[in-house]
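If you want the building blocks of each chain, they are given just below.
Number of protein chains: 2
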Amino acid sequence: MPEYKAPIRDIKFVMQELLDCDSHYKQLDYEDASLDMIDAIMGEAAKFTEQVVAPINQIGDQQGCTWIDGEVKTPDGFKEAYSQYVEGGWSTLAQSTKFGGQGLPHSLDSSIVELFSSANHSFAMYPGLSHGALATIEAHGSDLQKQMFLPKLVEGSWTGTMCLTESHCGTDLGMLRTKAEVNEDGSYSITGTKIFISAGEHDLSDNILHIVIARISGSPEGSKGISLFIVPKLSVTGEGELDAENGRNGVSCGSIEHKMGINANATCVINFDGAKGYLIGEQNRGLNCMFTFMNAARLGVANEGVAAAEASFQGALAYAQDRLQMRSLSGVKNPEGPADPIIVHPDVRRMLLTQKSIAEGGRALVAYLSQLVDVSHSEKDEAVKAVAESKLALLTPIAKAFLTELGLECTSHGVQILGGHGFIKEWGMEQLMRDTKISCLYEGTTGIQALDLLARKVLGSKGEILKPFAEEVTAFCLENIADADMVEFIKPIMKFSEQWQQLTQSIGLKAQGNRDEIGGASVDYLMYSGYLSLAYFWAKMAKVAQDKLASDSEDKAFYQAKIKTAQFYFQRILPRAHGHAACIEHGAGSMMALDADHFSF
Amino acid sequence: MPEYKAPIRDIKFVMQELLDCDSHYKQLDYEDASLDMIDAIMGEAAKFTEQVVAPINQIGDQQGCTWIDGEVKTPDGFKEAYSQYVEGGWSTLAQSTKFGGQGLPHSLDSSIVELFSSANHSFAMYPGLSHGALATIEAHGSDLQKQMFLPKLVEGSWTGTMCLTESHCGTDLGMLRTKAEVNEDGSYSITGTKIFISAGEHDLSDNILHIVIARISGSPEGSKGISLFIVPKLSVTGEGELDAENGRNGVSCGSIEHKMGINANATCVINFDGAKGYLIGEQNRGLNCMFTFMNAARLGVANEGVAAAEASFQGALAYAQDRLQMRSLSGVKNPEGPADPIIVHPDVRRMLLTQKSIAEGGRALVAYLSQLVDVSHSEKDEAVKAVAESKLALLTPIAKAFLTELGLECTSHGVQILGGHGFIKEWGMEQLMRDTKISCLYEGTTGIQALDLLARKVLGSKGEILKPFAEEVTAFCLENIADADMVEFIKPIMKFSEQWQQLTQSIGLKAQGNRDEIGGASVDYLMYSGYLSLAYFWAKMAKVAQDKLASDSEDKAFYQAKIKTAQFYFQRILPRAHGHAACIEHGAGSMMALDADHFSF
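Read top to bottom, the protein sequences are chains A and B.
Going letter by letter, the first sequence gives residues 32 to 632 in the numbering used here.
Going letter by letter, the second sequence gives residues 32 to 632 in the numbering used here.
Simulated from the structure, these hints should not be mistaken for laboratory data.
The structure presented is a predicted model; accordingly, all values stated were derived computationally and were not measured.
Treat the hints with care, as some may be off.
A pair holds if it fits inside one copy or across any two, identical chains being indistinguishable in the list.
Below, a list of computed lysine-lysine pairs in the BS3-like style, where the Cα atoms sit at most 30 Å apart [said to hold, decoys possible]:
id	residue 1	residue 2
1	Lys-255	Lys-364
2	Lys-571	Lys-129
3	Lys-364	Lys-210
4	Lys-177	Lys-541
Using the sequences and the accompanying hints, generate a full structural model.
Next up, the structure:
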């Protein structure tokens, strides 16, 4: 199993040197987020994830969760690790001080979440789901609901879930069948069955709060009749304590799924049998309340893509430096040994550098977006906030789908670098690949992200949504075009940016004649946008590194490596965008021509 | 679990209509391979794989193999299915009549192997390994060895393995430590430990014949001192029967691996403890003997890529036609239902057509190569044979690596099309992805195939090896360039072919200055070659389909689907070659710049 080491140096580079988090936090009045405090927290997070969370990752995969008579047991060590998580206050970091949180910025929490996710994808999902429930209640719950549910959620002694999917509807939530009947006391009785509920039942916490979508009797069919409810597993008093008198609510776990990966996170069938639920927000406005939460969740999944690339890179790099096999094509590099370490071979380096450039580039993209979330939470100037939210809306589906698809590719390279050993469970590389595939699926598949990006956002705004980010990129290019060291980065960005605009316009034109052109272009468009966006962040990182080297700072090798990795990205990863552009230019005709009955004979 | 249906109509199209197997077999004097006979055999193979082999695929994955005190038990149903395999004579199809085989052509067998592999990757590997052992003994064994070992191997009552890898050497076989000491009777005592031995121990057959590489005492170090041995698990008499007197040979299974996939095929550690072995071929010429076998094995793995794409396509297609979710962007298609089947959505079609175009295009490529194997076995005209072998040498590493990488991608699409359900074991789609990853690793990883192609073959022959295939492609283009219906296929092939030559030359030039340029370009070059080669076969298939439609034949919908799938391939898959070309053009500089110690800080 690869030994996990939190990439603290690189996170520091991104947060402090690339994104100047110090000024950013001061601007937003996050007074406690001083550089010293951040260093201290990151150091503790590194220790906890390396020493407690990572070591139970493999046993978690092997044992999985077990379901007995409705109760779910998590693998050995998970309960203890989660207790330490709660005791360490990790759950409270970025939560409101009103409910017991530390009030630190979201972006700091996001950097820490990457560590948890790299160390143990399954474990990281338990608090991840809680944060989703928490954000939903905080944004849309009544004061009484907040008082009842938030303190324990913030503390982490209770956890949360999101109950959306039913067996016949995942993407198409308008088809849901779960019903809600109003009770005399204003609460609701919820009846129905939800599937694929991550962390739906387990032994880590004292109570589980399900955020459930359901249709209130008499509400319209389809997505306009969906309401959102809090349904606790165990009844809760108005003061936010367990209600011993009313005890267990009508919520039960019918079974857990056997899956490709994330075996240590229980994926549950949850049955609601007249369970008492509390309406959140307005009746029939449930989907809107969900969307608030969705973007944060999607950014969290993007972070999983980064985490997977990083974890796989670490395992593959250690092996490549150690494993002796064959001689270098360009002459013996390790004359004392029986062969050279495989890191001398160009194709092994191609795979390692792909992992490295995606992990580090993706980290920058996610950190940038997390700062935009900070702005959307705390900025007082509405115009500044609107610009940030526009960039966030544009880049979230790109980050979610692009970074998880690339994360999956990186874990596949990780297996490949180890050769046959990569395929053996013992080495831990194949687990990363199995665990990561879910990130391309949940919180909206890659295809759904692509439609959100192209149909709803880009074409839905007639391209307006592209402007703030495109202007930022253009400004950076103009600032640096005269810099001889930056030309190799700036020129391609300008060329691809121009093509991005052209592709957008040409899809928009075609779509006027045939809406299927949108779906036909969507994933290629998203991937194109992803390669270009990451190029921008790599260019910015190269610029920072060049400036540091010019100012004769320490850590020369680190900055040189940044520039070389940027060059690799521009020369060997970014060119893939050509293929996506050519696919888009061919249109959707060849996709739609075949009759649905003629795919097979 | 997806229900497997052998794609008989498409195989018939490839064998008979595209590759005119009737003339091909007549030319090579395969008198028994009449069209009627082929139809009958394919029909039986379809029945057997659909009804016996496919139904134990999922239970094989769930149960895996179990190791107890050196004995390996295969999952429920495997022993019975293998007995039926032997009784049905499936093992004997393409084997020499001298040893009990039916003497049918290799290419017919290859088409049947695809069915087994689609139905159950793990099961198909047991006879697959036997064929490797068999081919090696037949090509290099003495008459006595053939008499001792071939009849039972041909019959299938004994199985075989290939024992190459040791824990410290996989690719770099020159480092092997297994020793051979000559005995007084001319046999050898073999001592050492081999790992990753597929089908190394199991309960399917009466004996297991290990083909083992080892170094004879006093032989040179490195790859020039490797010899090849037959080492039976149970001793064998000169007449080819079990030798009850001498009983068990010094061969034991130390353990089996726990793997990402192919759980029903035992991957064994095999210990040789002074085991009696028989030298095959000349001393120290073991690697050369291995290479004979290697090409056949690699083509077999290419077939697994096709098989995986086909199996995943079948599962995803059935789901996409059935699953109702969302409405079509271009208007309601299923007004009676609550939503449209997801096959109406362009992005679902993109993934399905990717699977279909890789499965069907790959099938054509593998079938073409299998016919070249027939020629290399049976053609009497040495010049014709030499041309065939040149094409085979060029295209085998391409087919192996390109089709398995694309096969893996296709199984990932299969998971994606099912959304969350794809990640659940019950549906069988994720198993295909896990099983298929091994095909990118064994028999030489993708990186090794790419070096074999570019370094050893293309540049090693100063490009000569490209000529016979390039001439065939050019001839086809010139023949059809004037055909208006073919222009959309011919033009891109001509353009990409020209670029292929240019890329080859430019890599060759760069490599004169720096051999690392070869490794740096190799995988992109292989993938480029793969996209182009498959384009050629899709163009040929489109031509056949157009001719059939013009001659007013039956099965119109089938031929129209072929043309539409060819168009999809040219418009939405082939353009990926642009990205690979651009990567190659950037050279290896950015790969090699980073010091091995500066990948991480």
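So, going through the hints one by one against the coordinates:
Only between protomers do Lys-255 and Lys-364 lie at most 30 Å apart by alpha-carbon distance; the minimum there is 22 Å, versus 66 Å within a single protomer. Neither within a single protomer nor between protomers do Lys-571 and Lys-129 lie at most 30 Å apart by alpha-carbon distance, with minima of 38 Å and 70 Å respectively. Only between protomers do Lys-364 and Lys-210 lie at most 30 Å apart by alpha-carbon distance; the minimum there is 28 Å, versus 68 Å within a single protomer. Taking the shortest alpha-carbon separations for Lys-177 and Lys-541, neither the intra-copy value of 48 Å nor the inter-copy value of 67 Å comes in at or below 30 Å.
Comparing the model with each numbered hint stated earlier shows that hints 2, 4 do not hold.
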